[in-house]
Amino acid sequence: MTPTYSLSLKARPEYGLLHLAGRVLRALCEEAGMAGAEMDRMELALSEGLTNAIGHGRHGSVGLELAVEDGLLTMRITDQGPGFDLDAVRQPDLEHPAERGYGVFIMREVMDSVDYAPGAEGNVLVLKRRFAGKGTGKG
Amino acid sequence: MRNLELVESVHGDVAVLTLSGRFDATAASGVKEQIRQMAVSGHRNVVLDMAAVTLLDSSGLGVLVASLRTLQGYGGRLAIGGVEQKVRVVLELVKLHKVLEVFPDRDTAVRALHTGEGAVL
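Line order of the protein sequences matches chains A and B. For the first sequence, the residue numbers in the working numbering are 1 to 139. For the second sequence, the residue numbers in the working numbering are 1 to 121.
To be clear, the hints were calculated from the coordinates, so they are not data collected in a lab. Computed from a predicted model, the values in this text were never measured in an experiment. Treat each hint with caution, since some may be false.
[Stated by the list, open to error] Listed next, the stretches of chain A that the computed footprint assigns to chain B, with coverage defined by at least 3 CB atoms under 8 Å from CB atoms of chain B:
hint : segment
1    : 15 to 21
2    : 36 to 49
3    : 93 to 99
Even for Gly, the Cβ is constructed at its ideal location relative to N, Cα and C.
Construct the complete structure from the given sequences, taking the supplied hints into account.
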């Protein structure tokens, strides 16, 4: 099925991308009828995923694809860094605050699924979230 | 708002750093360094006014933890004055609201650090 909305961009791995990507995501989600609080959580997950991609993939480019289809938001982030084992990322000890280690935890908390694997154009992080919005019969 | 804007002010023996915009990796090192400089220059009690922060992610969370430790190392305190609901949700998600002193607004936080009161939230 053709996505209702689909956008993609490619950029140098620089943190300045976070702001632009967040705005693009919000525009897409707003058009799809996503609620504001849900949009905030999706922007947060995108920020975490992109920050990882930019930090790990200092060379080449970072790719971002955003798609909405029948109430399902898919965010696909590609980096060209060395990659890492997502399954080996441990849950942070929330009773003992740390300066690092919350990013993957946050993505897992706010998304329905978080997957990361090598792909043809680099490592690909795929974040998915089903939501109630226009045309889903749930909004 | 593109980048996080920082405005520093002093209220008696309490310094206030007002943040406006996204508190993410773009801004993290700058905020961390500014608070460290405040501590080094004698401002041990710092209020972070986060009422106008539009997004707080793990990079910002890391700065909050680091800054708390920095100020405590100088015998001081870090208080958060005012957060939007979407920022509060992130603090609660990682349970930092149990560690940080979070007040309803900047003025309440400043008064608390003047008088040595604990957080009311």
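How the hints compare with the structure:
With a threshold of 8 Å between beta carbons, the proposed coverage of the segment 15 to 21 of chain A by chain B holds, since 4 of its residues qualify and at least three are required. Three residues within the 8 Å Cβ limit are the bar, and the segment 36 to 49 of chain A against chain B gives 7, so the coverage statement holds. Counting residues of the segment 93 to 99 of chain A whose beta-carbon sits less than 8 Å from any beta-carbon of chain B gives 5, enough to reach three: the coverage restraint holds.
The structure fails none of the hints (numbered hints given earlier).
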